[in-house]
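Colleague: These are the residues of each chain, in order.
There are 2 protein chains.
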Amino acid sequence: MTEMLPNFIKNRASLTPDREAIVYNDDRLTFKELYEKAYYHAGILTAFGVKDTDYVGFLVKSDLETVLHLNAMQIIGAKAVLLNNRLTAKEMAYQLKDANVTFLITEECFRERAIQLEEGLEISVFYKERIKESTYIDPQEKDHITLDETCTIMYTSGTTGLPKGVIQSYGNHWWSAVGNTLNAGLYEKDTWLCAVPLFHISGYSILMKSIIYGIKIVLHDSFDEKRVLLDLWKEKVTIMSVVTTMLQRIEQAASEKFPAYFRYMLLGGGPATVELLTRCINKGILVYYSYGMTETSSQIVTLSPEDSIRKIGSAGKPLFPAQLRIVNQAGEVLGPNEVGEITVFGPNVSKGYLNKENHLIDGWFFTGDIGYIDSEGFLYVLDRRSDLIISGGENVYPAEVEAVLTEMEGIREAAVIGIPDDQWGQVPIAFVVVDEILRSEKWIMENCEKSLAKYKIPKRVLFLSEVPRNASGKIVRRELRKWVEEQKDFN
Amino acid sequence: MTEMLPNFIKNRASLTPDREAIVYNDDRLTFKELYEKAYYHAGILTAFGVKDTDYVGFLVKSDLETVLHLNAMQIIGAKAVLLNNRLTAKEMAYQLKDANVTFLITEECFRERAIQLEEGLEISVFYKERIKESTYIDPQEKDHITLDETCTIMYTSGTTGLPKGVIQSYGNHWWSAVGNTLNAGLYEKDTWLCAVPLFHISGYSILMKSIIYGIKIVLHDSFDEKRVLLDLWKEKVTIMSVVTTMLQRIEQAASEKFPAYFRYMLLGGGPATVELLTRCINKGILVYYSYGMTETSSQIVTLSPEDSIRKIGSAGKPLFPAQLRIVNQAGEVLGPNEVGEITVFGPNVSKGYLNKENHLIDGWFFTGDIGYIDSEGFLYVLDRRSDLIISGGENVYPAEVEAVLTEMEGIREAAVIGIPDDQWGQVPIAFVVVDEILRSEKWIMENCEKSLAKYKIPKRVLFLSEVPRNASGKIVRRELRKWVEEQKDFN
Numbered sequence: 437m438t439e440m441l442p443n444f445i446k447n448r449a450s451l452t453p454d455r456e457a458i459v460y461n462d463d464r465l466t467f468k469e470l471y472e473k474a475y476y477h478a479g480i481l482t483a484f485g486v487k488d489t490d491y492v493g494f495l496v497k498s499d500l501e502t503v504l505h506l507n508a509m510q511i512i513g514a515k516a517v518l519l520n521n522r523l524t525a526k527e528m529a530y531q532l533k534d535a536n537v538t539f540l541i542t543e544e545c546f547r548e549r550a551i552q553l554e555e556g557l558e559i560s561v562f563y564k565e566r567i568k569e570s571t572y573i574d575p576q577e578k579d580h581i582t583l584d585e586t587c588t589i590m591y592t593s594g595t596t597g598l599p600k601g602v603i604q605s606y607g608n609h610w611w612s613a614v615g616n617t618l619n620a621g622l623y624e625k626d627t628w629l630c631a632v633p634l635f636h637i638s639g640y641s642i643l644m645k646s647i648i649y650g651i652k653i654v655l656h657d658s659f660d661e662k663r664v665l666l667d668l669w670k671e672k673v674t675i676m677s678v679v680t681t682m683l684q685r686i687e688q689a690a691s692e693k694f695p696a697y698f699r700y701m702l703l704g705g706g707p708a709t710v711e712l713l714t715r716c717i718n719k720g721i722l723v724y725y726s727y728g729m730t731e732t733s734s735q736i737v738t739l740s741p742e743d744s745i746r747k748i749g750s751a752g753k754p755l756f757p758a759q760l761r762i763v764n765q766a767g768e769v770l771g772p773n774e775v776g777e778i779t780v781f782g783p784n785v786s787k788g789y790l791n792k793e794n795h796l797i798d799g800w801f802f803t804g805d806i807g808y809i810d811s812e813g814f815l816y817v818l819d820r821r822s823d824l825i826i827s828g829g830e831n832v833y834p835a836e837v838e839a840v841l842t843e844m845e846g847i848r849e850a851a852v853i854g855i856p857d858d859q860w861g862q863v864p865i866a867f868v869v870v871d872e873i874l875r876s877e878k879w880i881m882e883n884c885e886k887s888l889a890k891y892k893i894p895k896r897v898l899f900l901s902e903v904p905r906n907a908s909g910k911i912v913r914r915e916l917r918k919w920v921e922e923q924k925d926f927n
Numbered sequence: 437m438t439e440m441l442p443n444f445i446k447n448r449a450s451l452t453p454d455r456e457a458i459v460y461n462d463d464r465l466t467f468k469e470l471y472e473k474a475y476y477h478a479g480i481l482t483a484f485g486v487k488d489t490d491y492v493g494f495l496v497k498s499d500l501e502t503v504l505h506l507n508a509m510q511i512i513g514a515k516a517v518l519l520n521n522r523l524t525a526k527e528m529a530y531q532l533k534d535a536n537v538t539f540l541i542t543e544e545c546f547r548e549r550a551i552q553l554e555e556g557l558e559i560s561v562f563y564k565e566r567i568k569e570s571t572y573i574d575p576q577e578k579d580h581i582t583l584d585e586t587c588t589i590m591y592t593s594g595t596t597g598l599p600k601g602v603i604q605s606y607g608n609h610w611w612s613a614v615g616n617t618l619n620a621g622l623y624e625k626d627t628w629l630c631a632v633p634l635f636h637i638s639g640y641s642i643l644m645k646s647i648i649y650g651i652k653i654v655l656h657d658s659f660d661e662k663r664v665l666l667d668l669w670k671e672k673v674t675i676m677s678v679v680t681t682m683l684q685r686i687e688q689a690a691s692e693k694f695p696a697y698f699r700y701m702l703l704g705g706g707p708a709t710v711e712l713l714t715r716c717i718n719k720g721i722l723v724y725y726s727y728g729m730t731e732t733s734s735q736i737v738t739l740s741p742e743d744s745i746r747k748i749g750s751a752g753k754p755l756f757p758a759q760l761r762i763v764n765q766a767g768e769v770l771g772p773n774e775v776g777e778i779t780v781f782g783p784n785v786s787k788g789y790l791n792k793e794n795h796l797i798d799g800w801f802f803t804g805d806i807g808y809i810d811s812e813g814f815l816y817v818l819d820r821r822s823d824l825i826i827s828g829g830e831n832v833y834p835a836e837v838e839a840v841l842t843e844m845e846g847i848r849e850a851a852v853i854g855i856p857d858d859q860w861g862q863v864p865i866a867f868v869v870v871d872e873i874l875r876s877e878k879w880i881m882e883n884c885e886k887s888l889a890k891y892k893i894p895k896r897v898l899f900l901s902e903v904p905r906n907a908s909g910k911i912v913r914r915e916l917r918k919w920v921e922e923q924k925d926f927n
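Order-wise, the sequence lines are chains W and G. Position one of the first sequence corresponds to residue 437 (the numbering used here), numbered consecutively onward. Position one of the second sequence corresponds to residue 437 (the numbering used here), numbered consecutively onward.
Extracted from the complex, chain W is given alone in its bound form (with noise of 0.2 Å):
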């Protein structure tokens, strides 16, 4: 039977009215003030014609009048769309559209899309910004929910480089809050810096973390180490979620020695070196290195407490709720230290793609990620869905890179690898086979900006007379990277 729970941010409100709930710039919300606020966001989008069966689009910065927004969507039972929003209007219009978007909650500075948006699509859009002189109407509350409803849905691309809608229940949310906590612990004065975006898991599971555990997020609406480091010391933070760049650059930064109340740095979204993890040790810096994805809403596997420095570079082992295996490609699961893909298993797994049919198999999720467990249960990650790019911390999938080459004239082929990048960890370059008309990197890259998001677009084009393809037709990418490898004086 699927639980029936009472409304999250309601009963949060309800059991610790006191209790601090966000920090953001100068505005301090308790979880009473937090769930009053949301729920005169509900009452204004209700007002605005939102309706629990709608899914609502969120074109929006990280800050506080956003989390109220995505409350009030709780509080109205309604699904909030989380847009990227580095994505260029024609990505978002695609993932719109395929979630039957009715409405966009959007922002001044992001009028210019939202327009073009408006424009091509049949969607009412609020502006943040006209809260104020909007009319209210009381919502119509849910008082409960149960576990298998939609809350969220978190656009992720495959190989085949077509975005698909990644389904995230209150379950799913839930039970990866409280695996993370049977992992890490939950501690009373524990509060959470958020620095990443809360279109993506990272950030929204943070928001959610806040409401089940009843503990206080710090919300910055971009990542600046100076601040992160400012407000570890002002506010007590306890726990932030990173990626890698955001790590280096935070260890970098830290002059002095973390604060003993300081518990961890929950790394995510791509690989991190001993060297770096050992280099946080020293200024008193514990990480949990995790694995996860939007579709397992957040970590599901995760290094513990006691092993974060015996086994440095490890992913770790399951979270409680959740199952790990090794599997080669006939679908056999593999012993310990053998290479194969990783599938994994739990209540925090998205059970399906918007418009999709079911693709788990007997409730495993193929993650297309490389990797193996060693003999005592730990997971080594070796590569991200074997082309995956992960720069700063966002995913970028060569597939689509690559659609977006072939569209333009003259281009007939496209290859898309990811190199190694000091700043961002990895940055896209493409390989192209041209018709006769001849056409410049320069043209290419221009070209490539009214597509894809600024991290997508690669930042060399280098022109083949042939890709290298394997017998099935699938692109050999590896013999790129080989040859870009063996170049001295590439960068």
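These are calculated hints, taken from the structure and not from any lab test.
Because identical chains share one entry, a pair is satisfied inside a single copy or across any pair of copies.
Once the Cα atoms are required to be at most 25 Å apart in a straight line, the calculated SDA-like pairs of lysine to any residue come out as:
1. 625 - 694
2. 670 - 742
3. 890 - 843
4. 792 - 438
5. 578 - 799
Given chain W, put chain G in place with the hints provided.
Modeller: Same frame as chain W, but now just chain G:
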């Protein structure tokens, strides 16, 4: 959808094999050792004939061997029927028969009653002491459990006087553990002292928490305040479950302030005076007063850390996943400060009794207890099941004792009430109406010993010409209590 989780004990041993799991006298086991020993026990019980579909009775002490056998049940997937070891053979026989128990696990000190049970029922009896000389067959281990599977059965009596077997699923235990963590936190060094019986939900739930949280238990086979205080310092205990009598004795015996690492006493099983709670605070003993029962798989309403002093005397608010309402006799939900029956809802609430029809109303459990919720949402329990007597943390149901009394030759009517007692909180006393044949108080009390556990036997038997009843024939216990209060020298 009911979630499938990895087998709890196996999973815990795999995740944190080297953490300490349990301390019992001079024995100390890690989770890996606990699991391996329990696995061995599962093999012994398999050879003895126990299968996953079996209901296995437990007539045991609360020692390490019992913990291993209980974990063995979870490894096989067999269901444990936990007998209160203070019951008479007659009382136990009723429960074993009702649960269709085919195997009984017991030990030498209970041999007399075990033989009686073996003679009267078709059960195979296994003595814990025989573990070393028994044959072993590799057990059929359950790799997974679904949360709606039955884990344990515990009997409780209601107003009818007939014990009912409460079905506790893995999910009930899981949600109870998770609910507690979301209220009280989970610290890396948490250590739970268990000096309450494992056959009660108060004790068994500590076993479950230890496995789900990955924390150490310090197990005592009986309650001794001096031993508690010794281990509190020696094992750095942070949490302990107590009933009022235990708390009183610990508070009196504590010659110094509790150490700072001690987090809280989880107080259940009946009311505590504000005086006692205040004395505890003065000795550095933070008490989380809680409300719960076998049917809610331990606490369902608990005072939060921040309210434990300000709202002293209240049982607190529901655990995060649970809900609470006060209703009147017509079943209507009452407002703040209105007194009525306490009803609860949540995933930790048992879905039913063995061999009984569903007793929940739209998922709500009507506790029979009386109380109110104040304007801030805090529960105050006024009366447990109107006539329930709680003696040293054990429930005594007047109807059950009355049934035994009226079965005796020469006793026409009987009424049982609880009276205050310095040592036990309450003790039962009986009022009887006898036939011409004169029966002595002593004869009646001796006769009770055949059918009733010692704590249920009336401490006084008083003779009446008539039992006060209301129009519908129900005993008006209030009048008897009033009469007792008026007797200045009653004791």
